[in-house]
Amino acid sequence: MNLKEIKELIELMKNTDISELEIERSGVKVRLRKGGDVTFHPSMPRMEYPPVAIVAPAVTEAPAPGSAAGKSEDPAKTNRIMVTSPIVGTFYRSSAPDKPAYVEVGALVKKGQALCIIEAMKLMNEIECENAGKIIQILVESGAPVEYGQPLFVIEPA
Amino acid sequence: MFKKILIANRGEIALRVIRACKEMGIKTVAVHSTADANSLHVRFADESVCIGPPKSADSYLNVPSIISAAEITDAEAIHPGYGFLAENSSFAEICNSTGIRFIGPSPESIKQMGDKARARETARKAGVPVLPGSNGVVTEESSAIELARELGFPVIVKAAAGGGGKGMRVVMAESEFANAFVMAQTEALAAFGNADVYLEKYILQPRHIEIQLIADEQGNTVYLGERECSIQRRHQKLIEEAPSVIVDESLRKQMGEMAVAIARSVKYRNAGTIEFLMDEDAKYYFMEMNTRIQVEHPVTEMVTGIDLVKEQIRVAAGLPLSFTQRDIELKGHSIECRINAEDPETFTPSPGTITAFNPPGGLGVRVETAAYTQYVIPPYYDSMIAKLVVHAETRADAIMRMRRALNEFIIEGVKTTISMHKKILDDPDFQKGDISTKFMERYNNPAQ
Numbered sequence: 001m002n003l004k005e006i007k008e009l010i011e012l013m014k015n016t017d018i019s020e021l022e023i024e025r026s027g028v029k030v031r032l033r034k035g036g037d038v039t040f041h042p043s044m045p046r047m048e049y050p051p052v053a054i055v056a057p058a059v060t061e062a063p064a065p066g067s068a069a070g071k072s073e074d075p076a077k078t079n080r081i082m083v084t085s086p087i088v089g090t091f092y093r094s095s096a097p098d099k100p101a102y103v104e105v106g107a108l109v110k111k112g113q114a115l116c117i118i119e120a121m122k123l124m125n126e127i128e129c130e131n132a133g134k135i136i137q138i139l140v141e142s143g144a145p146v147e148y149g150q151p152l153f154v155i156e157p158a
Numbered sequence: 001m002f003k004k005i006l007i008a009n010r011g012e013i014a015l016r017v018i019r020a021c022k023e024m025g026i027k028t029v030a031v032h033s034t035a036d037a038n039s040l041h042v043r044f045a046d047e048s049v050c051i052g053p054p055k056s057a058d059s060y061l062n063v064p065s066i067i068s069a070a071e072i073t074d075a076e077a078i079h080p081g082y083g084f085l086a087e088n089s090s091f092a093e094i095c096n097s098t099g100i101r102f103i104g105p106s107p108e109s110i111k112q113m114g115d116k117a118r119a120r121e122t123a124r125k126a127g128v129p130v131l132p133g134s135n136g137v138v139t140e141e142s143s144a145i146e147l148a149r150e151l152g153f154p155v156i157v158k159a160a161a162g163g164g165g166k167g168m169r170v171v172m173a174e175s176e177f178a179n180a181f182v183m184a185q186t187e188a189l190a191a192f193g194n195a196d197v198y199l200e201k202y203i204l205q206p207r208h209i210e211i212q213l214i215a216d217e218q219g220n221t222v223y224l225g226e227r228e229c230s231i232q233r234r235h236q237k238l239i240e241e242a243p244s245v246i247v248d249e250s251l252r253k254q255m256g257e258m259a260v261a262i263a264r265s266v267k268y269r270n271a272g273t274i275e276f277l278m279d280e281d282a283k284y285y286f287m288e289m290n291t292r293i294q295v296e297h298p299v300t301e302m303v304t305g306i307d308l309v310k311e312q313i314r315v316a317a318g319l320p321l322s323f324t325q326r327d328i329e330l331k332g333h334s335i336e337c338r339i340n341a342e343d344p345e346t347f348t349p350s351p352g353t354i355t356a357f358n359p360p361g362g363l364g365v366r367v368e369t370a371a372y373t374q375y376v377i378p379p380y381y382d383s384m385i386a387k388l389v390v391h392a393e394t395r396a397d398a399i400m401r402m403r404r405a406l407n408e409f410i411i412e413g414v415k416t417t418i419s420m421h422k423k424i425l426d427d428p429d430f431q432k433g434d435i436s437t438k439f440m441e442r443y444n445n446p447a448q
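Quick note, the sequences are listed as chains A and B, same order. Residue numbering for the first sequence follows my numbering, starting at 1 and increasing by one per position. Residue numbering for the second sequence follows my numbering, starting at 1 and increasing by one per position.
In isolation and in its complexed conformation, chain A is listed as follows (with noise of 0.2 Å):
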């Protein structure tokens, strides 16, 4: 495939509602995608409890150490991750009312240590950590309900 033939494409392209195209001949592979116009949201997941302010677009890793080397991004923020709930249920920061937190901001955790309790069904589970580090920032309140893949948690690898 040549120069011309890749502009045949994006000229054919244009003139269709194909967003995507891929193209494979002789070990040679291609792939065309018009610009930032035509992705369609019609709606964002969402909970509409009271306490609950939810996070935008769960980011559920950071990018791979390196892989963002070169961009302009503050280095340190791109290293940071995410825990996000496992269950869907109650979200608690202490194993019970009268207890303290099980972390707070700027606390160093290990791996393995429980971050949170999630309640579903009766049951009390607790979140462990998965990697050691600091907490950056806590993103739910306690007692709010959480779904599957919910942002709870910043954390600063060590």
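Where hints are given, some of them may not hold.
Said to hold, decoys possible - Straight-line Cα separation of at most 20 Å, DMTMM-like style, residue types lysine to aspartate or glutamate; simulated pairs:
id: 1; chain 1: A; residue 1: Lys-122; chain 2: B; residue 2: Asp-74
id: 2; chain 1: B; residue 1: Lys-22; chain 2: B; residue 2: Asp-307
id: 3; chain 1: B; residue 1: Lys-415; chain 2: A; residue 2: Glu-22
id: 4; chain 1: A; residue 1: Lys-122; chain 2: B; residue 2: Glu-93
id: 5; chain 1: B; residue 1: Lys-4; chain 2: B; residue 2: Asp-46
What the hints assert, rightly or not - Over the 10 Å line for every Cβ pair with chain A, so calculated as not near, a few chain B residues:
id: 6; residue: Glu-71
id: 7; residue: Arg-118
id: 8; residue: Ala-190
id: 9; residue: Gly-219
id: 10; residue: Lys-267
id: 11; residue: Glu-288
id: 12; residue: Ile-306
id: 13; residue: Asp-307
id: 14; residue: Ala-317
id: 15; residue: Phe-323
id: 16; residue: Gly-332
Derived from the structure by calculation, the hints contain no laboratory data. The structure presented is a predicted model; accordingly, all values stated were derived computationally and were not measured. C-beta: ideal position from N, C-alpha, C; glycine also.
Since chain A is already given, all that's left is putting chain B on it; use the hints.
This is chain B only, laid out in the frame that chain A set:
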């Protein structure tokens, strides 16, 4: 009446239930997997909860997640739709024990009718004809072959816990029996974790006729006429219609009363369907009972004028049915085509982005779908993307209307079975109503 209902399903049926709730002034909670975040059922529900990753086992079949979602949203009842957890008796039991109303029959009814051998026995005791066969499970090959000889070939070997054509073997002659029997047992074990099989006489050109019924807590059980679902491929229904050309007024009454007798004998509540096989002489035999709302329920709604999902919700809330048997009158004819995102020749699923979507409209046309332009059909779930339902005065008019509507239905970006439906609607035998569950075999192996 309930104030809030959670719908433990996705796609068009979730939307169907949400619509009924809205018209009843009931708040709705949609649950969804991460793959369905942009689905219409999520958009149109009052609230939504993400319950897990794409795989059904971790989301739509994830009982703790769904119960937990109902608890955090204060939903009083759960509508299971069809498929997923709809016929899971332990899910119904967990709902009840956590104080959430399961919109469907009792766990005991689901259990009793879900086991095919037990269901057959229940029907027989209620005085309903069943296909001659083994009364229960056969384990020994030698006694099975003796029984098959007694029934006369062809016979069919079926898994007791079966469904969807798995663990099923038709045996045309005695020489094939031993092999088929063992194969069915092995398949049953692999698919359902249970090697129990039973035997039945096999009808060569059967029609699939089913009776819709619904029962309330007060003990009223009403049948809503029949649906004919003979147009199938590998036990998957493709086209359903009501009424059936083969069923007249007196046969309808007879079959309806048989269905009611079965339901009464197990104290059945809520909507259910009794499926019958009918042979060439219009003799009918109990096949199985589906203890849920069915995909093809709209054709019954079109000819009876009854909203089955609303009635399901009413009776689950303890209210009596809003009609009696005497009020049921069939008007006109209705046909439903299931439009799947599949290659119409090979039937391989065709997931992907719908780039253009124009559903048909006009008088007597109803489209049940959760699809839209730019909707991405995920590869994780079933391939049905729309049900096209028409209603007209006569069957001939309904066929004309369906052909018209199929021509208006534009779906681009994925392959669909629309062209297959056009072919069936054009078939002279279909038009005459000369159909059986073997009808689709004429389209197999089109290559010479």
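Are any of the numbered hints broken by this structure? If so, which, sorted upward? 6
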